[in-house]
Structure formats: C-alpha cells, structure tokens
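Protein chains: 2
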Amino acid sequence: MSTIKQVTAKARNELSLMEVLHALADPVRLEIVRQLDEAGEKACGMFGIDMPKSSLSHHFRILRRSGVIVSEHQGTVIMNRLQRKDLDARFPGVLKSILAGARQKD
Amino acid sequence: MSTIKQVTAKARNELSLMEVLHALADPVRLEIVRQLDEAGEKACGMFGIDMPKSSLSHHFRILRRSGVIVSEHQGTVIMNRLQRKDLDARFPGVLKSILAGARQKD
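The listed protein sequences derive, respectively, from chains P and A. Each residue of the first sequence is one higher than the one before, counting from 293 in my numbering. Each residue of the second sequence is one higher than the one before, counting from 293 in my numbering.
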C-alpha cells in the first residue's frame, strides 16, 4: 500500500480560465498560491494564515477544483503544490503575471 | 460645454489586482473585454450580448470600478475602452495573458 495518494488532479484540457481566475481572485487563495510558488510544496497547516480550519479548507478546495494546486496525502498530512506545468501549458503567462502582480504588494 | 465626459477613471496606483481578477473572472465581462480588445472602443449597446440591460449595466459597472475599462459619454451614448496602458504598467502581462487564454476558447 502506498502512503502517497493524490487527492485531486485536473487534466490539462479540463482547466477553465474562469475557474482559474476565480480561484486567484481572493486574497487568501492568492497568498496560498504565492507561498507555494516560493516553497515548492507545503502542508495545509503550514501557511500561517489566521483563519478557522473549515474556512481554510474551503479555500484549498476551490484551488484544487480549479486545478491551480494539486494535493497529495503523505502519511497524515496533505501536501500541496502548484499545478504549474499544466497551467502554463494551457494559459501561458497567466499564473506568472498574476504572481508578479501579487508580489508588488509586499 | 464639452459633449465628452469621462464616467469614471481609476488612477494607476489605485488599481487592485484582486478587483481586476474578480472583474475578469466572469464569462460576460471577459467577453466585453475581449470585444474591446478587438474593437478599440465600443458603445454599451453594441456588444451583441443577449441579457437584460440592467444585468449588462451591472457587468459594465464592475469593469469600470476595477479600472479594467474606462467609459465616456459621447453625446447620447456611453463609449467604452480598455484602460490598457495603466493596467499593463501596474500588472504587466496580466491582461495580455488572460486575453490570450480567452481567445483559445473561440
């Protein structure tokens, strides 16, 4: 039995620009994406976002459903990473330019 | 008296990435933006979008408030255009990459 199980993955040709933009058009979700861009991968509880767990889970769910992130069970934690390759192939420049815009606010 | 009056304009440094993404994360608003990208400028009634006028006005309002478009009274019509220069200066590549993604669906 494997200890790694992918929670969800959206095929490249199923990615929707509307869903991706909606997923990114929120400060909490954009912060999650910004941190994953820096860290590569990160467990759900390690983002330092002060918010009830249920609300945070909701944001992760939207990011997963849109295909912006992919999550995997690794033992008892859920690890997240950007689905960068597929996003870049499908909508070139969108994630990169939005992340650059998000970094301006720092 | 001038017959041209700018309805709204958002200063470059007031543009918000969240507001811009929210404005673009809707199929009707993205279609308006796509048509303005092609046409340069266009009157509110000329987009060929089958929708009640009040709903369409709501979408134009969101696009204006976000600073994605600028509108001007020209006599009896309201002419719209993208606020491309300021958007590109503030968030380089965002509008261009999203428009490219939107064109894929044609």
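The set of hints was computed from the structure by calculation and includes no laboratory data. Be a bit skeptical, because a hint or two may be false.
It does not matter which identical chain is used: a pair holds within one copy or between any two.
Here are the computed lysine-lysine pairs in the DSSO-like style, where the Cα-Cα straight-line distance is at most 27 Å [what the hints assert, rightly or not]:
#1 Lys388 x Lys377
#2 Lys388 x Lys302
#3 Lys345 x Lys334
#4 Lys302 x Lys334
#5 Lys334 x Lys388
#6 Lys302 x Lys377
#7 Lys377 x Lys334
Q.
Could you work out which of the previously given hints the structure breaks and list their numbers from low to high?
A. none
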